[in-house]
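Visitor: Protein sequence lines correspond, in order, to chains F and Y. So for the first sequence, UniProt numbering puts the first residue at 1; every next one is plus one. So for the second sequence, UniProt numbering puts the first residue at 1; every next one is plus one.
Possibly wrong hints are sitting among the right ones.
What the hints assert, rightly or not - Below, a list of computed lysine-lysine pairs in the DSSO-like style, where the Cα atoms sit at most 30 Å apart:
no., chain 1, residue 1, chain 2, residue 2
1, F, K193, Y, K177
2, F, K174, Y, K253
3, F, K185, F, K175
4, F, K217, Y, K268
5, Y, K253, F, K34
6, Y, K177, F, K67
7, Y, K268, F, K332
8, Y, K268, F, K329
9, Y, K154, Y, K54
10, Y, K253, F, K175
11, F, K193, F, K45
12, Y, K113, Y, K5
13, Y, K112, F, K83
14, F, K131, F, K217
15, F, K131, Y, K253
16, Y, K255, F, K136
17, F, K89, Y, K255
18, F, K67, Y, K154
19, F, K335, Y, K5
20, F, K174, Y, K177
21, F, K339, Y, K268
22, F, K277, Y, K268
23, Y, K255, F, K135
24, F, K67, F, K183
25, F, K193, Y, K175
26, Y, K175, F, K83
27, F, K83, Y, K113
28, F, K132, Y, K253
By construction, these hints were calculated from the structure, which means they are not laboratory data.
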Amino acid sequence: MNNIFVYCEIEDGQVAEVSLELLTKGRSLANELKCKLEAIAIGHKLDGVEKQVMPYGVDTLYLADDKRLYPYQTLPHTSIVVKLFEEQKPQIAFMGASSIGRDLGPRVSSALHSGLTADCTSLLIGDHYDKKADKKYENLLYQIRPAFGGNIIATIINPDCRPQMATVREGVMKKEILDPKYKGKVVNLDVSKYVSDSDFVVEIIERHMEKSKLNIKGAPIIVAGGYGVGSKENFRLLNELAEVLGGEVGASRAAVDAGYVEHERQIGQTGLTVRPKLYIACGISGQIQHRAGMEQSAQIIAINTDPEAPINSIADYVITGDIADIIPKMIKYYKKNTK
Amino acid sequence: MKGYKIIVLAKQVPDTRNVGKDAMKADGTVNRAALPAIFNPEDLNALEQALRIKDQYPGTTVQILTMGPGRAADIIREGLFRGADGGILLTDRAFAGSDTLATSYAIGQALKKIGDVDMIIAGRQAIDGDTAQVGPQVAEKLSMLQVTYVEEVKELKKDTIVLKRRLDRGVETVKCKLPLVITVNGTAPECRARNAKLLMTFKRAKTVTELQKENEDYTTLYNDRPELNIPEWTVNDIETDASQLGLSGSPTKVKSIENVVLQAKDSKIISSADADIESMMLELLESHTIG
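With the hints as constraints, model all of the structure from the sequences given.
Guide: This is how it looks when you write it as structure tokens:
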């Protein structure tokens, strides 16, 4: 009762990175609230899950193991989570803002009439005073996310409905083992009590999951382009620079929407979160959603024709000018000084 | 064959994609007037999927359901210009301040009134909130199956549909029965353009409120050309529990809004001159940031 729950996504027996990141966040919030951290894993052949999640400080792991439960399907997973939440009454529940979590989360929130906030970039505990009702709330979950074109940061709360639900993208929270020997209890759910045959109405005919070929998250150097790059052709300059420096190409959402570059490369609140050694932002104005995905980079170079671009304020080097002029010079002087 | 009854859920949104400098007022608040109101992009992808089914299966009808202020009638007209058969504008002050769940409740109740729908097709998410929650929340409210992230309808035979989904790290093809809620990804084909003939036919399609504003005699018009009537449904036209509507029916509340204040870093401002670029590259090499 009144604990923190994390829904753990499973792919090929592996717990998803985003779920481990959420367990880490959940553990620290559970300590603050002096409650337990609980996890639910739904799938098939879940024997290895316990070993993977316990080190993150899980007090109770619920397993729903049945061959019909893998791969993920909306209705059976919803039924299990909804029933378990009705029994366990968590105060907080987290899911990854992934294609699974964003399919499941709203469904569960709708069934339980509880609030859900998508794509949070920060989660804190705090109090709230409702002036109208003259009511004081203690220890609410502050769900913090950029909103409305990124010009504002909104703090969302769910004062009265439980659980307080939030989704978070992969890479936003840090993943950290609490104690490799941490031992929580494992509860095997009797699946037949949680799902009915009518939940299994979708037949998965074909499924191809691939490990992303790109490794933008792991790249030490990222050359990212925005709408200001101007065209698909101009993105070639960024590719060249990335290749010379041994980095990857990233992009802002505006560049992806404009079709300059594929979606997989999008950095920001609704894309990847990266922390490279060097981030070179080309023609990126620097909306908060974009900055949310890159501001923890060790060094930032901003190249922009606009000397007032918001990105400049978080950059270590600000270059005002045209990328077509500046990037070739960067390549030239890199090559000259590394020979 | 009688064709399918399809409802497309669409939303009018501020165009947050190309936010210019005038999008912010001097006091740092959002200048909504500077942002044009548009048909949410992925809802157009959804409309295209519906129209493709209509092209293939005679007798199919495509209706647009949208919730918003009076001006949201614009996107119903936009849908008519592209081939939709009609639309309903769900509009009432009682809906103001709705979060995704209260929105889903109102839309769900409107869909119950419409009744006997084969497919509800919506965009994956709207660009003003990016939550991707309303589609699945509506499905749950109606106890219907949902298939999200759809890129293509691969097959549709009687009440069986095969859909291709585009997921974070792959693709999945699923087969299931109608009725269902489908949410469509931006990677699906773009919506067809306006049709000149439909534009001529429907440019005078208006809601009663719009016609009243223009002092037009709508009773005669609607009698002669019933297809030009864009029905407005208020809270009185659907069955609702007031406690689930609008701000008070929304479990999530906005506690606070902060304008983004940039914490200025100690940046080095350099020019694009060769000497400046070279010294920067040398500094980065020396600090082993690159090389």
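Visitor: For each hint, tell me whether it holds in the structure or not.
Guide: For each hint, the structure was consulted:
no.	hint	result
1	F:K193 <-> Y:K177	holds, 25 Å
2	F:K174 <-> Y:K253	holds, 27 Å
3	F:K185 <-> F:K175	holds, 21 Å
4	F:K217 <-> Y:K268	holds, 26 Å
5	Y:K253 <-> F:K34	holds, 25 Å
6	Y:K177 <-> F:K67	holds, 22 Å
7	Y:K268 <-> F:K332	holds, 21 Å
8	Y:K268 <-> F:K329	holds, 18 Å
9	Y:K154 <-> Y:K54	holds, 15 Å
10	Y:K253 <-> F:K175	holds, 29 Å
11	F:K193 <-> F:K45	holds, 19 Å
12	Y:K113 <-> Y:K5	holds, 14 Å
13	Y:K112 <-> F:K83	holds, 25 Å
14	F:K131 <-> F:K217	violated, 44 Å
15	F:K131 <-> Y:K253	holds, 13 Å
16	Y:K255 <-> F:K136	holds, 13 Å
17	F:K89 <-> Y:K255	holds, 24 Å
18	F:K67 <-> Y:K154	holds, 27 Å
19	F:K335 <-> Y:K5	violated, 63 Å
20	F:K174 <-> Y:K177	violated, 41 Å
21	F:K339 <-> Y:K268	holds, 26 Å
22	F:K277 <-> Y:K268	holds, 17 Å
23	Y:K255 <-> F:K135	holds, 14 Å
24	F:K67 <-> F:K183	holds, 27 Å
25	F:K193 <-> Y:K175	holds, 26 Å
26	Y:K175 <-> F:K83	holds, 26 Å
27	F:K83 <-> Y:K113	holds, 29 Å
28	F:K132 <-> Y:K253	holds, 13 Å
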